[in-house]
Amino acid sequence: MIYYLVVFVAGFAGSFHCIGMCGGFACALGRDPRGHGTTILRHLLYNSGRLTTYCFLGVLAGALGEVVCTRQGATVTLLGGSLDAAERVLAIVAGLLMIAMALQFFGVLQAFHRLAIGFGSSTFALSLRSLLTTRSRAAPLAFGVFNGFLPCPLVYAFAAEAVSTGQALPGFLTMASFGLGTFPAMLMMGGVGRVLAPAWRQRGVRLAGGGILVLGLITLGRGLLPLGAHMSHGLLGGHPI
Amino acid sequence: MTASGGSLCRHCLLPVGRRALQQSVNGESCAFCCYGCSIAFQVKNGKTEEWEAAWLLIRLGVGGFLSMNIMLFSLLIYGGVFTGADARVLPFIDILLLVLATPAVVILGGPFLRETLLEGACGRVTSSALIVLGVGAAYIYSTLAAIEGSAQVYFDTATMVLMLFTLGRYLEAAGRARAARDLEPLLAAERENVVVVENGTEIRRPVREVVAGTLVRVRPGERIAVDGVIVEGASHADEAVITGESRPVEKDLGSAAIAGSINMEGLLLIRSSGSGTATRWAQICRSVRDALMRRSPIQRLADRAVAAAVPGVLLLGGLTVTYWAHWLPLDRAMLMGVAVLVVACPCAVGLAAPLATSLGIGRLARHGCLIRDAGALEELARVRVVAFDKTGTLTLGKARVVAIETDGAPTSEVLALAAGLERYSEHGLGRAVVGAAAERGIESVRVRDVRAVPGRGIVGRSDGGTVAAGNRALMRDLSFTVAPGLTEQGWSAEASGHSVIYVGWGERARAVIALDDSPIPEARATIAALRARGLRTAVLTGDLAPAAHRVAAALGIEDVRAGLTPEDKRIALDWHRRSRDVVAMVGDGLNDGPVLVEADVGIAVGTATDLARETAAVVLPVGGLWLLPWIIDVARAVRTTVRTNLLWAFGYNLVALTLAALGMLQPIIAAAVMAGSSILVVLNSLRLERLPDPVSSPLPERASAAESSRSDISFPAALGPAIERG
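Protein chains in written order, with our numbering: chain A, 1 to 241; chain B, 1001 to 1726.
Chain B extracted, bound-state conformation (with noise of 0.2 angstroms):
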């Protein structure tokens, strides 16, 4: 089973659950979460040649020609075709009718029995029971009424109901394959075959066997499946799973290959720079996979409620014949509860929720964004907050050091210490002042026992004394003095909004480095949908006020908390939750990991670092905000369709549930209304797949004007000179 694709349904990729049905398909065993995907794969994929597959068809077929022939004769009799002197012939009929009816049950309801059987062996009760246990009554009865050649014989109910649950089946889960059509591929990808250049011959060869240097040539309209260098051919490549938008990117000689992409036109040689499993595409795989065998809390519960309704189901099919039985002949009773038996056969709502879930899985997957499983994709369509971390989430993370004021240390000294400290820091500012030493050709100082103070800063040990980067309350827990004059530079940058790191040794903080960090370009075209969408925006940030608000300002956020600690951030996020419910926090860098988990819904925006990526629910591709409003749209589509789903599939079944307890419901009619309900619930989930693809916002025009206002911000004087002087 598990060489068939874990626990996923060969045809229809909805997890099988307990129900996997084992079947040999062209020679390979295949498991499917039910009988209509049996049928349905076997019809769409058995060879000719493959006894089986066709073996299955022609048991359909003769079972159909028999039933109709029931069908038509019994509709001829209820037509009152065969009165008066034909009446005779009744009994003969009836005969026939066995003769026909026999192996038309054997044929058809066998699949059924099977299923009752072996569920019944470990104590389980499911839909099927309430099929074979409804039929069986009919067979029964009608069988021996025949032999008596007594008035009525209801051989058209058994096989007619027989019947329209097969063709029932064999649509849902033919509509389901078209579902699973889009998943495929993400599924595959850890199968899949590269072809490899070797000694100038080409192997198809297994992707994970690929390993750094494989040449690996890739064909037109396929897809890549290693992450390398182009060193042949050029050509045009889709990257929509790995940067969310989907447009031709041009690749040609020495131009990067993701893997994911698709190769749009050209022939390409492709020189792998790792192994073939390691790559992001193959983690999304993964991923999907995983989310997608999962269950969601929607989904158990429905379930709860299957297991608990077949039971209800028999009793209630039980209670009608015995009521109907004291007012009706027995036959008619008896009628009316396989009519209840039929018609509450649970299988839609069972089919609400995962083929819509794993279509919304599928569908965001394949724009690079992933979710842990279907609970946090509902989870998602009840936000009604999003708090954002700020550096490196809503602003490009890539600071710039614009200025460096000292107490007299030399410029060269600091960005040396700063840059030893931060080489070890995942926060942007950090990144930034190495990045400054490295472009000053200065090298930087060699610091032991480094450790992150969250919220903080940077702390280590060099030449025997304590040092440290970081903001001005990290000075203060170390108790390390600032000279008035930095302190008052410090305050001027931070009052106009610049980032500030304190550098100090010695017990003493030596200087202040000030940097600007600028929105990224498509973030306030974010903030701006999602307020559209009715969803309130908050900055929850480690920095300092004035640049928290600078930013929120320029990105129209109205909710700003600035200087906080992880553990302020949870409070923030606690109170948020208290007074308006679902709150998703989106994020990266080790400062959010603990706070991501904490919010009800943890967005890592692609830059994350590994910790983040474990404790989201939600992960971006890299540079991915944009596609935010787009991926709660798609969950609340998700949502808006499980619910009319479960909706529909209830009220039907109660509706239904109600006329044939009445007796007001023929059980053929019963069984093609309930076959009708699985296919509808089937359809409306696919009408998922017309939701629009994700637009990337034309906007910078905004940004940058807001960009450039912000660079009118004077900045202190004294502070201009100081970069030079390093």
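Here chain A stands alone, though its shape is the one from the complex (with noise of 0.2 angstroms):
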């Protein structure tokens, strides 16, 4: 439980990242003429249209990264090593995947940033903008969705992460921990707009990059550390496997 609960103070931390781009979206989602409580389920419904995305980004990672284990364990059984050789394999991957998102978040490593964000994501988050101002109920959810796939450094971070869990239920628990983390701030983007001043927005960058930082080297010492798979999993709450 314990590791769920990292993974979505790290979601929280990260959220604040967000604010730059989702926020953005969040706030022209806006207010509903037709009262406060149409509002909140406007928001609500493109939160889980996110979180929908996202789980099932993560069930995808994870059952990923249970093809990647198992396979390239019984590699490993013939090699005569522990069955966890893949999984701490996929740990240290994850984990400087993360520490390398992380660190851009610091201003560091601009040339990943770049790579992580050029797919072009500018234009189709252009032409997703009319579904923000269409009144009809079903858009903030379809929106949310589409909003999930919008590429995003932090998205990726988690999805590496949820790889490395090896398994489909701890892969999307993991998104699912994230994209409630992520709840919070979105939620507060829809509903303060834009009170956030420019340098808290910096702020907020730093504060993701380091929560996703502390969860990288989580990661990478899962993978690093005699026996650390283990340990891990005994300190964290482990998955359920």
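To be clear, the hints were calculated from the coordinates, so they are not data collected in a lab.
Don't take each hint at face value.
Residues from chain B that face chain A, not an exhaustive set, calculated with beta carbons under 8 angstroms [to be verified]: (1) LEU1057; (2) GLY1061; (3) VAL1062; (4) GLY1064; (5) PHE1065; (6) LEU1072; (7) LEU1076; (8) GLY1079; (9) THR1083; (10) LEU1113; (11) VAL1306; (12) VAL1310.
For every residue, glycine included, the Cβ atom is placed at its ideal position computed from N, Cα and C.
With the hints as a guide, bring the two chains together.
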């Protein structure tokens, strides 16, 4: 359980990075003239759309990790190693990825940042904006679903973490915790609007970087430390394997 | 439909064919070639206020939401989460999945079902039918299973297959739009509006309303839509579409503006010199539109293969289910059948050729090279021999009269008569004679009943007698006597490689006009470039052998046949075709028309007369011989792309189909594989965008060296002063 709490907290910290892009969407979604209740409904729909996409990615990532683990596990057994070796490799890769993502939030590794963002997301995002102003009740949900797929280093980082868990359910739970972690900030953005000053935004990005960095180090540790896998499982509540 | 751009898809500009999909976007009726294009177009261009565009996205989003939830639960079930004590909840989850899946299937599958029904009503079975059948089977089976409470449901298969196909079609269409972006200005030319200045006010008018004398304002960065003269302002223009060469050309007061060129930095006011629809630019655009609408042979073949494949796949799907049902539970067998149906969707095969060819055609058109149709592009890639006409193609075609030797008749009379005849000629030599007469202020004699004798010259009547200008064979045909002295002069001029026109009247050849024609500067580099591409070059000319050999030697062409009538040229082409496959003929002028048709690919170089332009499959811009190696490169690149696309699409389909029939492919993976296949075909075709632009070679040193060495050839001394005698 503790593990998912950590992910939740990291997601919460990371969501201050979201304010840059997704926060803008949440603002644009704005208030519904039909009343307070409808406004909340709109934002909940938008966020559950996003959450669904994240969970879906999480399950896929976990299942992918499962495939990799089983396959490599077989070869590793052949070599007489422990069954955890593949999982460890995944943890190391995921940890390094997360640390790289975190570092670019601090302004290091900018090339990596461009790589992560530069998938022509802007045109897609622009065309999606039309959904925000549509009065249909289902529009925020649809928008949330698409929004979840927009290239975002934070999502990549947590998807990598989900792969490293090596199973569908923990992958799902990881991304679900992350997604829930981003709820408060996004709901706040929807409600509070553009209150946050640019200075705060900068601090938010740092905070996001810090959160991911910690999680990345933990993941890396799980792969590297002697018996790390068992320790971190024990320490952080482990995955229900 | 015609209003929205002929029968080309509004989004990707491929021919819509039989699958036309009508939809209203932004209050305008648009035709799309496929579902993917209609999504991509609405995503890109649908206005916010436009309900339909947003509604489509909402449907996709909600469909995605539902199917992702279904997939989520299903993956967890497959992952063994609900085992042991939790297995009790499974029936409820199945019902939940049914509740989620029903709207998802309706939302996502609707367009596919509609397409199937529409095509089915016309008695055709398309690839959508495969999807509908596969998804329908999975959904109906799962619904029954969920209601019965039995173990396994496949709602995830039904919805994810739909989701992946929709996504695949969208991505594919979005990729195709990148190709269309280049073609768009070419097709929009006739719809284009121009700013017309009338009594000091500026009004936007369609370009077809422009007539001679209309004042047109062109802003920086805009395309000049009319031919005319600049009456105000100065700028640079990029005339690539007319000359093939992309570089700024200076424009100021009084310069000619060419329709189709891009005004770079200055504000211009242009007085149109003709109708807005009669420009070469408009002509280019019309011919590109025509070319895009014609299907190439390879495309027709692929289409037939697709049409034949669909029933075959249905059969194979049925067989798969029947076979596996013997060994496995029905649901597993059905899943394998679904995988077969889904993976065999032949979308990629249908896409393999048209995208690559339209990219190629558009690319060529932007440099002023016109291709009659996709088939011509295919032939061009296969060309092994390039045969040239000499005059006007390899040479400037602007021969100069260098000497006139007579048997006593005054030079002025000779020129007057010859010019009277040659006024009606399209031939470069003829124009030179007319020019020489005009230069000397000699009025040409009026000649009646003029007719061209192809490969010989020109004959008419004046003062009751036959007058003729042409080669020695013409004199012989007309039974004109040629004085020995004149014959000798003619021979010696021919021996030194000059062109010779005999002028005769009163049953007698009276004079020999010697003309000189020099190779065009870029011809040598062009020939070298063609040879570097493994092509053989040849000259087929009606001119005399020495002149042809002289030019051929200067240019490095090995195969020369001179003194040919059009019939001879045809025979020569046949010979080349028999011995070396596909032959292209490059030419212009009256003599070439029939020969250009006869060649596998007729290529007319810009100065071509109208007849030749209609008969040629490829038309190069004025002075565009240097583009020849480049267009062959483009044609070859297109062919390679089409081939790799087809190889990929067929190979991929075959492998995937085999795996699916053997039960080694999950339907969802099969759908992903299929969607990926079309996208790969699009991406592979888009590589054509990276082809280099044509580079006009900075060569003239060599050509001019050849020219100067040629001018050393001493012209018979006796002829020298002859020109002074006139």
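Hint check:
no.	hint	in the structure
1	LEU1057	holds (6 angstroms)
2	GLY1061	holds (2 angstroms)
3	VAL1062	holds (5 angstroms)
4	GLY1064	holds (5 angstroms)
5	PHE1065	holds (5 angstroms)
6	LEU1072	holds (5 angstroms)
7	LEU1076	holds (6 angstroms)
8	GLY1079	holds (4 angstroms)
9	THR1083	violated (11 angstroms)
10	LEU1113	violated (21 angstroms)
11	VAL1306	violated (31 angstroms)
12	VAL1310	violated (31 angstroms)
Of the numbered hints listed earlier, those contradicted by the structure are 9, 10, 11, 12.
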